[in-house]
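Residue-level listing of the chains:
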Amino acid sequence: MSPSKVALLIDVIAGMLEGLGRVAVGASSPIPAAAAWLARERGGGRPEVSVLGSGAHSDMTDGGRELFDRAGQGRIDAFFLGGVQIDGSANINLIGTGPHPAADKRFPGSYGSAYLYFVVPRVILFRVEHTTRTLVEKVDFISAPGTSPPEVYRPGGPHALVTGRCVFRFDAARGRFRLASLHPGHSLDEVRDTTGFTFDAADDPPVTPAPSAETMALIRGPVAASLREVYPRFAARFLGNHRAV
Amino acid sequence: MSPSKVALLIDVIAGMLEGLGRVAVGASSPIPAAAAWLARERGGGRPEVSVLGSGAHSDMTDGGRELFDRAGQGRIDAFFLGGVQIDGSANINLIGTGPHPAADKRFPGSYGSAYLYFVVPRVILFRVEHTTRTLVEKVDFISAPGTSPPEVYRPGGPHALVTGRCVFRFDAARGRFRLASLHPGHSLDEVRDTTGFTFDAADDPPVTPAPSAETMALIRGPVAASLREVYPRFAARFLGNHRAV
Amino acid sequence: MTETLSLDRLAGRVADGAMLALPPDYSYVPMAAVYALVRRGVRDLHLLTVPQAGIAADLLIGAGCVATVETAAVSLGELGNAPRFAAAVEGGDVAIRDSTCPAIHAALQAAEKGVPFMPLRGLIGSDLLRVRPDWQVIDNPMADGGGDPIVVLPALRPDVALFHAPYADEHGNVWLGARRELVTMAHAARETLVTVEEVRPGGLLADETLAAGTLPALYVAGLAEAPQGAWPLGLTGCYEPDREHLAEYARLAASEEGFEEYCGENLIANEANVMKGLRAAE
Amino acid sequence: MTETLSLDRLAGRVADGAMLALPPDYSYVPMAAVYALVRRGVRDLHLLTVPQAGIAADLLIGAGCVATVETAAVSLGELGNAPRFAAAVEGGDVAIRDSTCPAIHAALQAAEKGVPFMPLRGLIGSDLLRVRPDWQVIDNPMADGGGDPIVVLPALRPDVALFHAPYADEHGNVWLGARRELVTMAHAARETLVTVEEVRPGGLLADETLAAGTLPALYVAGLAEAPQGAWPLGLTGCYEPDREHLAEYARLAASEEGFEEYCGENLIANEANVMKGLRAAE
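From first to last, the protein sequence lines stand for chains A, B, C and D.
Quick note on numbering: my numbering labels position 46 of the first sequence as 46, and the sequence is numbered without any gaps.
Quick note on numbering: my numbering labels position 115 of the second sequence as 115, and the sequence is numbered without any gaps.
Quick note on numbering: my numbering labels position 210 of the third sequence as 210, and the sequence is numbered without any gaps.
Quick note on numbering: my numbering labels position 228 of the fourth sequence as 228, and the sequence is numbered without any gaps.
Chain A with its partners taken away, still in its complex shape (with noise of 0.2 Å):
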């Protein structure tokens, strides 16, 4: 991926982050955690952002469940998940591919999703690898649901998904995503093509606009002093070694 891309992500979930109160990131989650960076930035230190496995980044002193409590108390506003396979019901699968138990290729586990989908009102989707391989018709294990009946407590849920193609937003009435914007060098059919659910768009979908000057000395300063303390190795990849002026 190129720096400009990384950089373009960064800028569009950090937009889907502006006038709340706490984020929180998972572990190994550079461009979401930079996200939240900006827009704490944008914001003069709204939303507080608390990055986990971070280290000196990190305010819990509850162990592990102090995140998930946190969550359950209402005091996260977005977090950011992934997964091996999305469908166009935001379902999400962490698990694996083919059955279960005995998985055809078997990936990690489902983490924390079977709740913090429920319970986190704007959970953010993001996985850069855009094909028909991770975005399926129907995923083939649900690690946790895109959508619940009236009668399930669920208070959170999927607010968008965006890939290295384009920005999908997640219309809960309906059950399905619908395109918001493509970034800059991708088309429609492009997108339909390594879709493998169906969506809603408009027929001249907008362009994820590319970050503004300003945006680009926040990432380049702010944001990457803290991505190079949690995330040396990304930061120097994706970042170089530029400072602000």
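Simulated crosslink set (DMTMM-like; lysine to aspartate or glutamate; CA at most 25 Å straight-line):
no., chain 1, residue 1, chain 2, residue 2
1, A, K105, D, D44
2, A, K105, A, D140
3, A, K5, A, D203
4, B, K105, C, E78
5, B, K138, C, E90
6, A, K105, D, D93
7, A, K5, D, E78
8, A, K5, A, D189
9, B, K105, C, E257
10, A, K105, D, E248
11, B, K105, C, E261
12, A, K105, D, E257
13, B, K105, C, E248
14, A, K105, D, E260
15, B, K105, C, E256
16, B, K105, C, D93
17, B, K5, C, E78
18, A, K138, D, E90
19, B, K5, B, D87
20, B, K105, C, D44
21, B, K105, C, E260
22, C, K276, C, D8
23, B, K105, C, E90
24, D, K276, D, E170
25, A, K105, D, E256
26, A, K105, D, E90
27, A, K105, D, E78
Covered by chain B, according to a simulated footprint, are these stretches of chain C (three or more residues, beta-carbon under 8 Å):
no., stretch
28, 90–104
29, 147–153
By construction, these hints were calculated from the structure, which means they are not laboratory data.
Backbone N, C-alpha and C define an ideal beta-carbon position, used for all residues, glycine too.
For chain A, the structure is supplied; the task is to place chains B, C and D on it using the hints.
Below, chains B, C and D without anything else, positioned relative to chain A:
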């Protein structure tokens, strides 16, 4: 109460703790605490003893719930409870006399009794005042019941009732107390007159044995040392300032 | 984000009618804030003691600040029964929701975890179940074939958790040491207000050893400096209880007139003491 | 009472068939003890990861020590999927009980509190419910009129909780800092075994600041000194992960033959390293 009566009570309670692994003692309970420490001295470090609210003697680091969690885990073998009223079925009332909620005389409340009485295997009831006011036919309010129907989870319950006049053992099968021994100087008739409930007794019950010279040395030595640290006023009043030779 | 307030502004954040959670007498009791609450004349509190309380609850009840008290016990410890609490319950002047220590801990943990209830062993056959219609007995769903009754308690979510701590850092992180019932209180409550002996520079979370005993600022809505803020109770590691004053309280509070006398003498004096401590620290 | 043991004696206390709880990769992983378990050839473990795990679980699974793995995830983190775990699940060589992080935390808290189950929101509609027949959906008893389904999870009581910590005191109290998932593990487990970098004189509980991060000896059945006992993982505040070694593990463990090669080279070497560290400390 005379120092010799205090030593007798410490000794007789300590005898009930012999062979146990762990004993917990509630706040403001100098005689049970002394009994637990005496048992530990005799047992070469067993039972281990946790005294609540004792500062340096506390070994709890998980907040106020830890005592109850430990009891639920089966890590506490004996505990002590008292009562504004105790009845012949070993029901205890820590709330007050008369109707509820507007009591004739309100006492502090049930504390942890409604739980600990169920899960601690050996609960020793301790109440120095032995009158028809404290030992009643039926308590006005059951903070915690002496027995439970078989379907109720209850690994614990009452073991004995120690008063200023005598020792009763609780017979769980019959759901009644049986007089185990009379303290020196007290008679069966006197105990019958001052007890509001009926109980089983031999015609000529044994006398609670006075502490041996060896036990007195332990009480005046290491037990008194612990008491002086946690209950300085009690120690000064009942154990004087003697040191073991 | 933690707001730094004066003691009286902090007390002002406890609304009339709020469910207010207070710590037990052995644990960081916010006495200066309690005096400030009485001064400001807060009304109709639902007072939750975690799980028991002493002079703090007795004062608030005696001063007419409390509509309902939910507690495992209110007592002055070695100084005997809590006189204003006892009188108010006997006279029907407060509604009493009798509880038991582990039930209060468990119900706060339910709120901490965002679940509507928590199971608890024991309780069956206690009259507490009779006077607590909000507690229910269900059949343990894990028992094969059923027939294993167990109590479930509704979650307790206080509007405000209030306590006093030795110190906070400049970001609003509060050092509580091993007093983890306060951590649970803060997690469970909508809003937590804390008084501290002092605010120290630096950051508690950056130090591995101190972080272990720290409540993160995330949970702390308001913070006020109140030197000697646990007086007349003690603060472990900082100062001992003022036993003479506590005995005087017990003596005076035995009667309504005596209680009025106590309040007259101490409510204003306490404010002045805190102010003096703050000036001395500057 | 805490028993002080050699590393191999400690590993010997984990019986074949035991339910063994291990911490996540970010939290005090007892790698030296895990190597010792592989050396001794423990069999048929029910491995519970709290709530996820990495190389420790992959090693035990690859070496054939595990019958069942109960986990929210097993992964080598930045180094990718856990190869022996994935191969064993794909091949049906271990039984997998898929879970989710908060379910493991909550089920351990149930055991900690001595209750048979714990409720948890979420989960309904996840296939996890389908593959976990031990999880049940009940009607929330607190919902007026019902119609609010909620999942209840049976308590998880490990036979053994095993972890590595920076140090213990001479009484067996163990300093864990803010790693409180280990506290819950220890409370929930029947028996807890701990390796430490070193045993220090004095008492952790007597110091207010250290007590906040201390697991009392009451819970610690066995304790062994194992310098560098988290290697090749890091120990926060003590040493960094050996990233080169971990990458080598990931490379070799991708195949069964490579895994055998890794074990041949490291199982004995690791024991020798620990012994060298102990001798150096004397």
